[in-house]
Every structure is written in structure tokens, then in C-alpha cells.
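Enquirer: Following the hints, complete the assembly by docking chain B onto the known chain A.
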Amino acid sequence: MNFLRPLITVSGLLLLWGLIVAVTDLPKFILPSPLLVFHTLTAKIDLIAGHALITATEILLGLAVGISFGMLSALLISAYKPVRQWVLPILIASQAIPVFAIAPLLVIWMGYGLAPKVIVGALIIYFPVAVGFLDGLNRTDPAWLNLTALLQKSGSGSAFLNRYRLYRHIKIPFALPSLASGIRVGTAIAPIGAIIGEWVGSSAGLGFLMLNANARMQIDLVFASLMVLTFMALTLYFLMDHVLRRLMPWQPDQKVTSI
Amino acid sequence: MSSDRLSYSRSQERSSDTARNQAALNVGVSLKLARLAFGDTIILENFDLTLEPAQITCLLGPSGVGKSSILKLLAGFLPLPTNSEVTGTDGLGITNRTSYMDQQDLLLPWASALENVVVGARLRGQTPDFKRARSLLAQVGLKDYITARPDTLSGGMRQRVALARTLMDDSPIVLMDEPFSALDAITKFRLQDLAANLLAQKTVLLITHDPMEALRLGHRIFVMSGSPVRLSAPLCPEGSLPRDPASDDLRHHYSDIMASLALTDTGPA
Chain A
1 MNFLRPLITV SGLLLLWGLI VAVTDLPKFI LPSPLLVFHT LTAKIDLIAG HALITATEIL
61 LGLAVGISFG MLSALLISAY KPVRQWVLPI LIASQAIPVF AIAPLLVIWM GYGLAPKVIV
121 GALIIYFPVA VGFLDGLNRT DPAWLNLTAL LQKSGSGSAF LNRYRLYRHI KIPFALPSLA
181 SGIRVGTAIA PIGAIIGEWV GSSAGLGFLM LNANARMQID LVFASLMVLT FMALTLYFLM
241 DHVLRRLMPW QPDQKVTSI
Chain B
1 MSSDRLSYSR SQERSSDTAR NQAALNVGVS LKLARLAFGD TIILENFDLT LEPAQITCLL
61 GPSGVGKSSI LKLLAGFLPL PTNSEVTGTD GLGITNRTSY MDQQDLLLPW ASALENVVVG
121 ARLRGQTPDF KRARSLLAQV GLKDYITARP DTLSGGMRQR VALARTLMDD SPIVLMDEPF
181 SALDAITKFR LQDLAANLLA QKTVLLITHD PMEALRLGHR IFVMSGSPVR LSAPLCPEGS
241 LPRDPASDDL RHHYSDIMAS LALTDTGPA
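Protein sequences, first through last, are from chains A and B. Heads up, the first sequence stops at 259 in my numbering, and the numbers go up one at a time, no gaps. Heads up, the second sequence stops at 269 in my numbering, and the numbers go up one at a time, no gaps.
The shape of chain A in the complex, shown without the other chains (with noise of 0.2 Å):
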């Protein structure tokens, strides 16, 4: 990967920030300049780092319930017709509720822990996963369906287990590419979910943390805090980007979606 061009727009944008602070001259509760910040974040990094730890341990939580969910309803869907009619309509809604809306009834219900924040991020992060395992799984080759009920027909496989067999040899290998985009998606909104789910309500998180500071005009820190997040949330994209890579070596590498 190549880091020098971003690192050059970073450091472009970070200047541009430090000359408009010192050319207007706000006032640091309004804009801090971006050395201040910095400082900030040397000096807090034990409490920033705590809070931020408990925002990854919700990302990562809810990462791993949407994309299990996801790719389990699109199992079911795709082999098993009935399934479509019960499952879709759960799918779509699971979209058009805003999770804003829902999550304060989370908190009700749940309280201020992890379980809310994890259940927001896993119904973002649910449906891309879910619609592009499904998208994958329904685009198999014909010539393949083709082929292997042929190569079945000298077995004394029952259907069930052919069909299990042309999942596991077949159907699923092939969909893996469109899981993978669904799953690179989910993963760059996830954070999204783990925040919403603190401004809503709780006593912990980097959400908590720029919420609390926010109220103190301690805008410094709020950066400060953002930076992580942001920090958190490209690396784990990077990561997962690298993980997908790894897992599927036969997909042309056109790394678009890398750097």
C-alpha cells in the first residue's frame, strides 16, 4: 500500500485547519487549532484510550451479530423459498427504521451497557451484508448449476445433501466476492452504530467521552476524540480489506477499495 498520498492530504488538510485558526484567531471552545488538539491528545490519551476501548470492543461485537445474522438470513433465503416471503420483509425493515428512532428504546430496555450499542451496530451493519451474500448466491453461473446436477446424478447422495454439496462446493465459494463488498461496507459504517448507540445513552465510549465534552466547550478533547474514532475505524476497514484479500487470492486484484 502506498501511504505517501494520503499522509500528504492529511498533512495538507491539518495545515489548512492551523492557518485558519491563526489567521481568524477563534477562540479555542470554537475551533482549537489542530497543535492544541495534538497536545490534548498526548496529555488525555489514558482516559481517551480507555473509552476508546470499549467503543472498538462495540464495534467489533456488532460487526461480528450483523455479519452472522446477514449471512445466515441470506442462507436461508436463497434455500429456501417459503423462507423468502417470512425473512425479505424483516430484511427491508430492518433498513427503513431509522436506528436512531429504536435506539433509545434499546437503552430502556437494556440499559446503559454494551447490548444496545452491539444491536444498533449489528442492524447497520446487517443488511449490506445480508443483501450481498444473497446477491452473490443468486448469481451462480447456470453452466455450473448445470454441470453439477450431472456430476449428482451418478451419486446416491439424497437431495438434501446434494443440495448441501452444491452450497459448500459451489454456491458459496462463488458468492464469497459479493459477500466480501457487503462485509467492506458493514464495516465502514459500523462505527456509526457503536456512537449512535452512546448518544443515546451511556456512561462509557468515545461517544460518551465527545457527548460529555461537547457540554464542557472542551472542544479540544471532542477532536481529540475524533481523531481516534477515526484512527479506529480506518484501520479496522484497512484490516478487514487485508483479511477478504487474503481469504479470496483468485478474485483479480483491482484494489479499488484499497489505497
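Any given hint could turn out to be false.
What the hints assert, rightly or not - Result set (DSS-like, lysine-lysine): computed pairs, CA atoms no more than 30 Å apart in a straight line:
(1) Lys153(A) with Lys72(B)
(2) Lys153(A) with Lys81(A)
(3) Lys131(B) with Lys81(A)
(4) Lys72(B) with Lys44(A)
(5) Lys202(B) with Lys153(A)
(6) Lys131(B) with Lys188(B)
(7) Lys81(A) with Lys32(B)
As the list claims (entries may be wrong) - Quick partial rundown of chain B residues pointing at chain A, CB under 10 Å, derived from the structure:
(8) Lys32
(9) Thr98
(10) Pro109
(11) Trp110
(12) Arg149
(13) Gly156
(14) Ser171
Keep in mind the hints are simulated off the structure, nothing from the lab. No experiment lies behind these values; they were computed from the predicted model shown. Each residue gets a CB set at the ideal place from its N, CA and C atoms; glycine is no exception.
Expert: Using the frame of chain A, we list chain B on its own:
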């Protein structure tokens, strides 16, 4: 696994192999088709085709004439229309002892050449016979590419892997749908030689639009033309397969076929 169970499963495999080999001898195929239509367009009507046992039958015709439809009916990819039947000369169905090779290589992009050859066993839940797969890959000239993934192989090599996969189950009946049409002339020529040797003693239907391919590989050649399609009288060139394309006999047949194709071609080219 205990050695007892291992030897048991081995002997079982061997007995099923011999059963297969006996079945492999002299199975012809007969297709009787009342009518095949897509919408209002009648593709085939009152169409009969017989594949002689242990011979290569070629169907030769321009694209769009319905060659592939016949093959798809035999393979069971298309549902058989009413009043039509596909049977072996022993009176049994054929799809459980038929292998199929497509114009596309249909290799699994994530799997090695070896895994691609044994995919049939995987799909049937059987233990793959890797020894046979390795020897087949060696026979098609890919001894050094057993672990290679398809994206690292050339088009000709990929089609060699597909040929090995087609031969893996040792089915007595093999259906081939323009298997070499996507290859360059030299690669095509080499693969025809290879196929002629490896398909000996099998009942083969080879669909092609290349007269020279039909003349090199076919024991019997039918030219398809018209709408609904009619078959020409079978052409049975002399000589053992693969035939030498430079022989006078073959060149004579070639110009005959080209003439009949050109005369009967009434549609747009």
C-alpha cells in the same frame, strides 16, 4: 482410520469400478424427439439421433441451428418435451453415466487443478481418487501443474484440466459442446489429438462448427441444416483418429461439407 476399513472401502471401490467398466462397453444412445420449440419458434421436429457405441458422433452446423439444444436434451439440462425420449441401447437412462464438457472450461477459480478434476466426487460426497486424478492430469500433459490455480494457467491448459475432469468419472458416454472452439489453432490441434486418444472406446457426441474438427475426430459426421433442422446422411471418413488434415481424402470431404453448408445456409451469416 483403521486399516480394516481402508481395505474394505478400497475393495468396494474396485468392485464398483469393474461394474462401471462392464457398463462402459457398447452403450449407444438413442434420442427420439417429437418437437422442441422455444415460444413459437420450432427448433426441432420429428428428430431422431443415434449415437453408436464406442464411436465419436459429430454434429456439425452453423451457430444457432440447434446443435447445443440437442446436447442439452441428452444431458438433461433441458426438460424433455412430450412424446420424446432419451435411452441407452440397453434401455436404461443415461444421465447417471454421462460426462459433459463445455466450451467454457468451468473451472472453480479458487481450487487447484487437482481439486478441479475431483470436483465430481466432492459434489457426490465421495472420497476423491487423487491417484487417478494425478495420472489423468499427467496424461493431458499437466504433470507439473497439479497444484496450479486456474488463473495461473493458459486457456489451453485450462481446457486440458476440464478434459481431465470430464474423463475422471470414466463415464461410458461423453457429451462435448464445442469444447475447443475458444482456443487458438495450434492449441486446438494438439487438444484434438489428445481427445481422440483419451476418448477411444467411449460413446461421444461432439458438437462443433468447425468442419476440420469433425473430420479429424468423428467416426460419423452429421451436417445440420434447415428449419426445423434436418440431419444429412452420415459421413464416415476412412482412417483412424485423429485423422491427418493434410490427406487428400480429408480435403475432399472438407470441400464437400463446406459446399453443403454454403448451399443450405439461407439465414444471415
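Enquirer: Determine for every hint whether it applies to the structure shown.
Expert: Taking the hints in turn, this is what the structure says about them:
| no. | hint | in the structure |
| --- | --- | --- |
| 1 | Lys153(A) with Lys72(B) | holds (15 Å) |
| 2 | Lys153(A) with Lys81(A) | holds (23 Å) |
| 3 | Lys131(B) with Lys81(A) | violated (40 Å) |
| 4 | Lys72(B) with Lys44(A) | violated (71 Å) |
| 5 | Lys202(B) with Lys153(A) | holds (19 Å) |
| 6 | Lys131(B) with Lys188(B) | holds (27 Å) |
| 7 | Lys81(A) with Lys32(B) | violated (35 Å) |
| 8 | Lys32 | violated (21 Å) |
| 9 | Thr98 | holds (7 Å) |
| 10 | Pro109 | holds (4 Å) |
| 11 | Trp110 | holds (5 Å) |
| 12 | Arg149 | holds (6 Å) |
| 13 | Gly156 | violated (19 Å) |
| 14 | Ser171 | holds (7 Å) |
Violated hints for the displayed structure, listed by number in ascending order: 3, 4, 7, 8 and 13.
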